[in-house]
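Novice: The listed protein sequences derive, respectively, from chains V and Z.
Here our numbering is used: position 85 in the first sequence is 117, and no number is missing along the way.
Here our numbering is used: position 19 in the second sequence is 42, and no number is missing along the way.
Derived from the structure by calculation, the hints contain no laboratory data.
Be aware that one or more of the hints could be misleading.
To be verified - Derived contacts from chain V toward chain Z, CB cut-off under 10 Å, selection only:
#1 Gln38
#2 Ser54
#3 Glu56
#4 Gly72
#5 Ser81
#6 Thr131
#7 Arg144
Model, not experiment: these values are computed from the prediction.
Where a beta carbon is used, it is the ideal one built from N, C-alpha and C, also for glycine.
Residues per chain are reported as follows:
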Amino acid sequence: DGGITQSPKYLFRKEGQNVTLSCEQNLNHDAMYWYRQDPGQGLRLIYYSQIVNDFQKGDIAEGYSVSREKKESFPLTVTSAQKNPTAFYLCASSILGGTPGDTEAFFGQGTRLTVV
Amino acid sequence: GQSLEQPSEVTAVEGAIVQINCTYQTSGFYGLSWYQQHDGGAPTFLSYNALDGLEETGRFSSFLSRSDSYGYLLLQELQMKDSASYFCAVSSNTGKLIFGQGTTLQVKP
Numbered sequence: 033d034g035g036i037t038q039s040p041k042y043l044f045r046k047e048g049q050n051v052t053l054s055c056e057q058n059l060n061h062d063a064m065y066w067y068r069q070d071p072g073q074g075l076r077l078i079y080y081s082q083i084v085n086d087f088q089k090g091d092i093a094e095g096y097s098v099s100r101e102k103k104e105s106f107p108l109t110v111t112s113a114q115k116n117p118t119a120f121y122l123c124a125s126s127i128l129g130g131t132p133g134d135t136e137a138f139f140g141q142g143t144r145l146t147v148v
Numbered sequence: 024g025q026s027l028e029q030p031s032e033v034t035a036v037e038g039a040i041v042q043i044n045c046t047y048q049t050s051g052f053y054g055l056s057w058y059q060q061h062d063g064g065a066p067t068f069l070s071y072n073a074l075d076g077l078e079e080t081g082r083f084s085s086f087l088s089r090s091d092s093y094g095y096l097l098l099q100e101l102q103m104k105d106s107a108s109y110f111c112a113v114s115s116n117t118g119k120l121i122f123g124q125g126t127t128l129q130v131k132p
C-alpha cells in the first residue's frame, strides 16, 4: 500500500540533544512538508521541498534542519538551538507542490517529541 | 505573507447543519482546501476549491469566493463522529501549503 510513514511515533530526548525525525513516502510525490503542531493549535510550516536536492524555509524554520537527498525521504532534525521543541510533528507530501494542479496533501501519523 | 482566519470553536447538535468560515490573505493564490483532524490523529483531506462556487462531496460541501478571499465548509446531517478539528489551508505559487488555526467542532446528542 502506498503511503507516508513517520517514525518513531513517540520520541523522548534530553534537552540540548539533536534529534532526527524520519519521513518516508512511496507515493512518488514531488513535494514534501514538515509541520509543527502545539496543543490546540494549527499546523505551522517548518520546511518544505518541491524537488529532490532543494528545500525552502517555512514560517518557523529556526532551530530545525532538513535534507532531501532522495525523492522518498525528507528527514527533519530538531537541533539544540530550537528553544521549545516539545510538540507534535507532522510530515506531508503532495504530487506537485506549488502548482495549480496540486490539490491534496497526504499526512503521516506524526511523531510526538518530548524533550526533558 | 500568507494568513488565514477561522473561528476557534463551533458547537452543533446531531442532525444539524454547520458552516465553518475561512478568510485568507495570500498572493499567487491557487486554491483553498479543507482537512479534518481527530484528536491525536493525522489531518485527512476533505475538499479543494480552485474556482468560485460550491463543491459537494456527500455530506460535506465547500465553497470559494476568490474575489472575497473567503470560503466555507458546510457539514450536513451532523453525526457524533464529525466531532473533530477542521482546518482550511491555502496553496499558492510560493509552493507553501499554509494552514489556519483550526476550528474545533463539537457535536452534541
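Novice: Hints first: check each against the structure and report whether it holds.
Specialist: Going down the list of hints, with the structure as the test:
1. Gln38: holds (9 Å)
2. Ser54: violated (15 Å)
3. Glu56: Since the shortest Cβ distance to chain Z is 15 Å, the answer is violated.
4. Gly72: holds (8 Å)
5. Ser81: Hint on V:Ser81: holds, closest Cβ of chain Z at ~9 Å, below 10 Å.
6. Thr131: With a minimum Cβ separation of about 8 Å from chain Z (threshold 10 Å), the hint on V:Thr131 holds.
7. Arg144: Because about 9 Å separates V:Arg144 from the closest Cβ in chain Z, which is inside the 10 Å limit, the hint holds.
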